[in-house]
Amino acid sequence: MNKILKIYKLLYDEYKPQGWWPILMSNESEEYATLYHPNDFSYPKNRDQRFEISIGAILTQNTAWKNVEKALINLKKQDLLNCKGILRVNEEKLKELIRPSGYYNQKAERLKIFADWFSKLRKIPQRNELLSLKGIGPETADSILLYAFKIPSFVVDAYTKRTFYALGLIKKDSKYEEVKHLFEQNLPKDFKLYQEYHALLVEHAKRFYLKNKNSKEDFLKTKIHH
DNA sequence: AACCAGGACGTGA
DNA sequence: TCACGTCATGGT
45 MNKILKIYKL
55 LYDEYKPQGW
65 WPILMSNESE
75 EYATLYHPND
85 FSYPKNRDQR
95 FEISIGAILT
105 QNTAWKNVEK
115 ALINLKKQDL
125 LNCKGILRVN
135 EEKLKELIRP
145 SGYYNQKAER
155 LKIFADWFSK
165 LRKIPQRNEL
175 LSLKGIGPET
185 ADSILLYAFK
195 IPSFVVDAYT
205 KRTFYALGLI
215 KKDSKYEEVK
225 HLFEQNLPKD
235 FKLYQEYHAL
245 LVEHAKRFYL
255 KNKNSKEDFL
265 KTKIHH
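Numbered as in this note's numbering, the first sequence ends at 270 without a single skipped number.
Among the hints, a few may not be true.
When the alpha-carbon atoms are kept at most 27 Å apart in a straight line, the in silico DSSO-like pairs for lysine-lysine are as follows [as the list claims (entries may be wrong)]:
1. Lys265 x Lys114
2. Lys205 x Lys178
3. Lys194 x Lys167
4. Lys236 x Lys205
Quick list of simulated restraints, FRET-style, between CB atoms [stated by the list, open to error]:
5. Lys128 x Gly179: 16 to 22 Å
6. Lys137 x Lys219: 17 to 23 Å
7. Leu79 x Leu211: 27 to 33 Å
8. Lys260 x Ile157: 22 to 28 Å
9. Lys110 x Lys47: 30 to 36 Å
10. Ile157 x Lys53: 39 to 45 Å
11. Glu136 x Lys178: 18 to 24 Å
12. Arg132 x Lys267: 48 to 54 Å
13. Glu136 x Lys164: 21 to 27 Å
14. Gly181 x Lys236: 21 to 27 Å
Calculated from the structure, these hints are not laboratory results.
Just so we're clear, the structure is a prediction, and the values are computed from it rather than from any experiment.
Each residue gets a CB set at the ideal place from its N, CA and C atoms; glycine is no exception.
Using the sequences provided together with the hints, build the complete structure.
See below:
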């Protein structure tokens, strides 16, 4: 078994399935929260849910999910968490609603641009189409493809790089596409596996590779060799 | 009370 | 191509 797949199995055995992507739900008392759904890999119910996941991917750029959740709830309460809603609301109002997620000036503009593109979307998007939109870089594009459209496109984030650099599997200055290829060339092309692997790496890195606070020794270091 | 979070873009060399 | 500054709120 190759090392990349072995690491996945070690992570999967260590942590519970993570159930990304978190979706906005309301409980009995009509309070909203984003919830994870372990072992649920069903295709997004409808167009609105694919849109919600995409918007979340944009809003979470360099931002803690808790802050994104606040923004999503603000939009939902105004019935604006859908393509038409984002197109309808005026940009200043949009800025106000997504303010908790940070960078709200640029993110508001980018949500508008994305909603405009999404409204004309009639087929599965290509990666290059997404990358051509202002505000969507490689990680956001891959997140949208993988979680909103269930296309096996591996997501590489800062946590992934930190962990794999610590394990000696990539260089510190490895490019996004290099790391992406490393995973995709060593894994079966399975969107469920890609989703779970990415989420598990985030969970692992939060425990062992928080910036400037890597106190504990990564258990993977000893186990990946035998 | 600094430091950082599930990045991306514009600029200058 | 690429290093660097910028964008911004909220949690620890």
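Cross-check of the supplied hints:
no. : hint                        : in the structure
1   : Lys265 x Lys114             : violated (37 Å)
2   : Lys205 x Lys178             : holds (24 Å)
3   : Lys194 x Lys167             : holds (13 Å)
4   : Lys236 x Lys205             : holds (21 Å)
5   : Lys128 x Gly179: 16 to 22 Å : holds (20 Å)
6   : Lys137 x Lys219: 17 to 23 Å : violated (39 Å)
7   : Leu79 x Leu211: 27 to 33 Å  : holds (31 Å)
8   : Lys260 x Ile157: 22 to 28 Å : violated (42 Å)
9   : Lys110 x Lys47: 30 to 36 Å  : holds (33 Å)
10  : Ile157 x Lys53: 39 to 45 Å  : holds (40 Å)
11  : Glu136 x Lys178: 18 to 24 Å : holds (19 Å)
12  : Arg132 x Lys267: 48 to 54 Å : holds (52 Å)
13  : Glu136 x Lys164: 21 to 27 Å : holds (25 Å)
14  : Gly181 x Lys236: 21 to 27 Å : holds (24 Å)
Violated hints for the displayed structure, listed by number in ascending order: 1, 6, 8.
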